[in-house]
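J.: Please model the entire structure based on the sequences and the hints provided.
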Amino acid sequence: MKIRIEIVAVDCLMVRLFDTIDEAHMPWLLAASRRLHECFGQGLIDLVPSYTTLMVHYDLRQLQVSKARGLIAQALDNLQPDAGGSGRSHSLPTWYDPCVGPELKLLAHRSGLSINEVIERHSGHEYQVFALGFVPGFAFMGLVEEILASPRLNTPRKRVAAGSVGIAERQTAAYPQASPGGWNLIGRTPVRLFDHALDGYSLLQPGDRVRFEAVSHDEFIRLGGDDTPLEAHP
Amino acid sequence: MSGLLVERSTPLILLQDSGRFGIRQLGVTQGGSTDWISMFWANWLLGNPLEAAVIEITLGGLSLIAQQDACLALAGADLGASLDGQPLQPWRSFLVRRGQRLVFSQPVQGARAYLAAPGGFDATPVMGSKATVCREGLGGLDGSGRALTAGDRLGWSAPPPAPRELEATQIPDLSSAKPLETVLGAQIADFAGQSLFDAFNSPWQVDSRADRMGVRLLGPALHYQGTALISEGIPLGAIQVPPDGQPIILLNDRQTIGGYPRLGALTPRSLARLAQCLPGAELRLSPVVQEVAHGQHLRMLAQWH
Numbered sequence: 001m002k003i004r005i006e007i008v009a010v011d012c013l014m015v016r017l018f019d020t021i022d023e024a025h026m027p028w029l030l031a032a033s034r035r036l037h038e039c040f041g042q043g044l045i046d047l048v049p050s051y052t053t054l055m056v057h058y059d060l061r062q063l064q065v066s067k068a069r070g071l072i073a074q075a076l077d078n079l080q081p082d083a084g085g086s087g088r089s090h091s092l093p094t095w096y097d098p099c100v101g102p103e104l105k106l107l108a109h110r111s112g113l114s115i116n117e118v119i120e121r122h123s124g125h126e127y128q129v130f131a132l133g134f135v136p137g138f139a140f141m142g143l144v145e146e147i148l149a150s151p152r153l154n155t156p157r158k159r160v161a162a163g164s165v166g167i168a169e170r171q172t173a174a175y176p177q178a179s180p181g182g183w184n185l186i187g188r189t190p191v192r193l194f195d196h197a198l199d200g201y202s203l204l205q206p207g208d209r210v211r212f213e214a215v216s217h218d219e220f221i222r223l224g225g226d227d228t229p230l231e232a233h234p
Numbered sequence: 001m002s003g004l005l006v007e008r009s010t011p012l013i014l015l016q017d018s019g020r021f022g023i024r025q026l027g028v029t030q031g032g033s034t035d036w037i038s039m040f041w042a043n044w045l046l047g048n049p050l051e052a053a054v055i056e057i058t059l060g061g062l063s064l065i066a067q068q069d070a071c072l073a074l075a076g077a078d079l080g081a082s083l084d085g086q087p088l089q090p091w092r093s094f095l096v097r098r099g100q101r102l103v104f105s106q107p108v109q110g111a112r113a114y115l116a117a118p119g120g121f122d123a124t125p126v127m128g129s130k131a132t133v134c135r136e137g138l139g140g141l142d143g144s145g146r147a148l149t150a151g152d153r154l155g156w157s158a159p160p161p162a163p164r165e166l167e168a169t170q171i172p173d174l175s176s177a178k179p180l181e182t183v184l185g186a187q188i189a190d191f192a193g194q195s196l197f198d199a200f201n202s203p204w205q206v207d208s209r210a211d212r213m214g215v216r217l218l219g220p221a222l223h224y225q226g227t228a229l230i231s232e233g234i235p236l237g238a239i240q241v242p243p244d245g246q247p248i249i250l251l252n253d254r255q256t257i258g259g260y261p262r263l264g265a266l267t268p269r270s271l272a273r274l275a276q277c278l279p280g281a282e283l284r285l286s287p288v289v290q291e292v293a294h295g296q297h298l299r300m301l302a303q304w305h
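Chains as they are written, first to last, in my numbering: chain A, 1 to 234; chain B, 1 to 305.
Among the clues, some could well be false.
Residues from chain A that keep clear of chain B, each with C-beta distances beyond 10 Å, as calculated [unchecked claim]:
id	residue
1	16
2	23
3	46
4	80
5	89
6	91
7	99
8	102
9	161
Okay, the calculated beta carbon distance ranges per label pair [claimed, not checked]:
id	chain 1	residue 1	chain 2	residue 2	range
10	B	292	A	2	25 to 35 Å
11	B	284	A	91	24 to 34 Å
12	B	218	A	178	25 to 35 Å
13	B	162	A	62	22 to 32 Å
14	A	105	B	284	47 to 57 Å
15	B	287	A	182	33 to 43 Å
16	B	292	A	105	51 to 61 Å
17	B	189	A	59	23 to 33 Å
Anything over 12 Å on all C-beta distances counts as not near chain A; from chain B, calculated [unchecked claim]:
id	residue
18	78
19	89
20	92
21	99
22	100
23	136
24	138
25	158
26	216
27	265
28	268
To be clear, the hints were calculated from the coordinates, so they are not data collected in a lab.
Using N, Cα and C, we set each Cβ at its ideal position, and we do this for glycine too.
T.: Put into C-alpha cells, the structure is as follows:
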C-alpha cells in the first residue's frame, strides 16, 4: 500500500490508498477513516470514502494545507486494518421476479444459467458495501460472481422503483428511492434503506456486509413491499 | 397572519442555507446557496447569522404578498425586483408594509437573487440544514425537498433587526469578466498538453444544461489520456471532463462520488460568480495555487467580521 495525498480543491485532499477494487481493502479504508476522524476532530467538515480513496474536506478557517497533510500522515502512521471484519451484517429480503426484475431473463440468457440459478448465485454470496453515492443511501456492493456481471443498460430507465435490486458489472445495489437508473434489475426489497428520521439515516454504511435473501411474493407483501410491475426495458 | 404569502413561484425558487455537512459518506449531497457570497451579504444586512436560511431566487418568476410590516434584505442578481411596482435594487435592506406585493420578474444582471428575513426563514432542519434538494426530497419549508409554491407562507421568528448598509465599494463583483480561478487537481497531468492550453486559454460558453448539480461548458474538446478512474469523492466546484471532452463544473447538488477525470476545482469566490452566469455567458478559467486561493478566501471571510 503506497499512500498518496493529492490536492483536489482549496479545502479538500484526496487520500489515495489503493488502485483496484477489492473486498480486502475495506478493513484498511475503515481503519483509516476512523483514524482521520480522530486526528482532525472539529477541523473535519466531511470525509467521503470510496473504493480506493478517502476525500478529506477540512475547515479552511482552522487548518493550512500543510497542517492537514500532517494530520493525514499522523492518522495513517502505523495503520492496521480493522480486525474481525468491520461494519454490521444485514439481510435484505428480496422478491426475485421478472415483473419487478425485468433483466432476470437477460442475465439468465447471457450467463447460460436458469433464472433460479441466477437467483441462487446472487443470494448465495455476502457482499461488502464499498461506498454510498448516486442518491442518499445507495450502497455500491460487491463483488458479484463474474458469471453474473453485466454492463449497465445502454439507455437508463427514467424511473426505477424504490427497493429495486440490480447488477452493474460486478456490483450490486438496491435503489433507496425512485430515481432514474441504468442497472440490470433482478428483484425488489421491501426494506426502507434511507430515512432522514432514522438514527444513522442510512441502513447500509460503508464497510457493512449484506446478503440478499430470496422471499416469496406473499412474504414480500407481508413485509410491506410494493409489487407494482416495472416495464421490461426495450 | 404574518410573514410573506407566496402568490406565484417556479421550481427554481428554493429555501437555502449553507447546506448539509458530515453526512457526505451516506451519499447525501451538500445543497445550499450556490452564490454563498450574496447569501452572506443578504444576511449581514439584517445582522443575521451569515448562514441563516434565505430564499434563492433563480431567474425570477416570484411574487410575494407581505402579511405584516417587515424589514427584509436583498442581495445578488438584479432580477427586476419591484415593491408595489416601485423598482427595488439589490444589496440593501428595505421595509415592506402589510399588503404590499414584492415581485421578481426576470434577469437584468446575474441569475440568482437572495432574499433574507430577520433571523432567517423558519423551517424544521432536515439532517442539520434547511437547504432544499428536490432530487433527494430533503429540506425546504416542509422538509420534503420541494420548491416554493403558490400558497406557501414564509415566516421568521426574530424581532425586527437593526439593518446595516452596504457601501457601494463593498458590493462584490460577481461578473464573469475576470477568469474563474481553478485549483489544479490530481489528474491534471493526464490531459493532453494542447487540452491544458485550451482549458486555460480558450473562452468557454455556459450551456443551457446548467442547474444546481452542475454547469456544462461548451468549447474545444479536452482529451484525457490517463487510465479509467474508479469513483471517488467529488469536491464542490470540481471541473470534470466526461468522454465528450466538454467540461462540467459541479455545484452544490452534485453527486457525492464519481469517476470522471477532473481538471481541478473552482475556488469558493469563483463558484459564487459562476452561480450568477446565465446560459450563453462566456467565461474563462485560470489556474491558481492552493495557498493563494486559501489566503484570498480567509481575507474575504474577514470582511464580515
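J.: Would you mind marking each hint as holding or not holding in the structure?
T.: The hints, checked one at a time:
{"no.": "1", "hint": "16", "verdict": "violated, 8 Å"}
{"no.": "2", "hint": "23", "verdict": "holds, 14 Å"}
{"no.": "3", "hint": "46", "verdict": "violated, 4 Å"}
{"no.": "4", "hint": "80", "verdict": "holds, 21 Å"}
{"no.": "5", "hint": "89", "verdict": "holds, 19 Å"}
{"no.": "6", "hint": "91", "verdict": "holds, 20 Å"}
{"no.": "7", "hint": "99", "verdict": "holds, 26 Å"}
{"no.": "8", "hint": "102", "verdict": "holds, 24 Å"}
{"no.": "9", "hint": "161", "verdict": "holds, 15 Å"}
{"no.": "10", "hint": "B:292 with A:2: 25 to 35 Å", "verdict": "holds, 29 Å"}
{"no.": "11", "hint": "B:284 with A:91: 24 to 34 Å", "verdict": "violated, 54 Å"}
{"no.": "12", "hint": "B:218 with A:178: 25 to 35 Å", "verdict": "holds, 32 Å"}
{"no.": "13", "hint": "B:162 with A:62: 22 to 32 Å", "verdict": "holds, 31 Å"}
{"no.": "14", "hint": "A:105 with B:284: 47 to 57 Å", "verdict": "holds, 52 Å"}
{"no.": "15", "hint": "B:287 with A:182: 33 to 43 Å", "verdict": "holds, 35 Å"}
{"no.": "16", "hint": "B:292 with A:105: 51 to 61 Å", "verdict": "holds, 58 Å"}
{"no.": "17", "hint": "B:189 with A:59: 23 to 33 Å", "verdict": "holds, 29 Å"}
{"no.": "18", "hint": "78", "verdict": "holds, 29 Å"}
{"no.": "19", "hint": "89", "verdict": "holds, 32 Å"}
{"no.": "20", "hint": "92", "verdict": "holds, 28 Å"}
{"no.": "21", "hint": "99", "verdict": "holds, 37 Å"}
{"no.": "22", "hint": "100", "verdict": "holds, 37 Å"}
{"no.": "23", "hint": "136", "verdict": "violated, 5 Å"}
{"no.": "24", "hint": "138", "verdict": "violated, 6 Å"}
{"no.": "25", "hint": "158", "verdict": "holds, 25 Å"}
{"no.": "26", "hint": "216", "verdict": "holds, 18 Å"}
{"no.": "27", "hint": "265", "verdict": "violated, 4 Å"}
{"no.": "28", "hint": "268", "verdict": "violated, 7 Å"}
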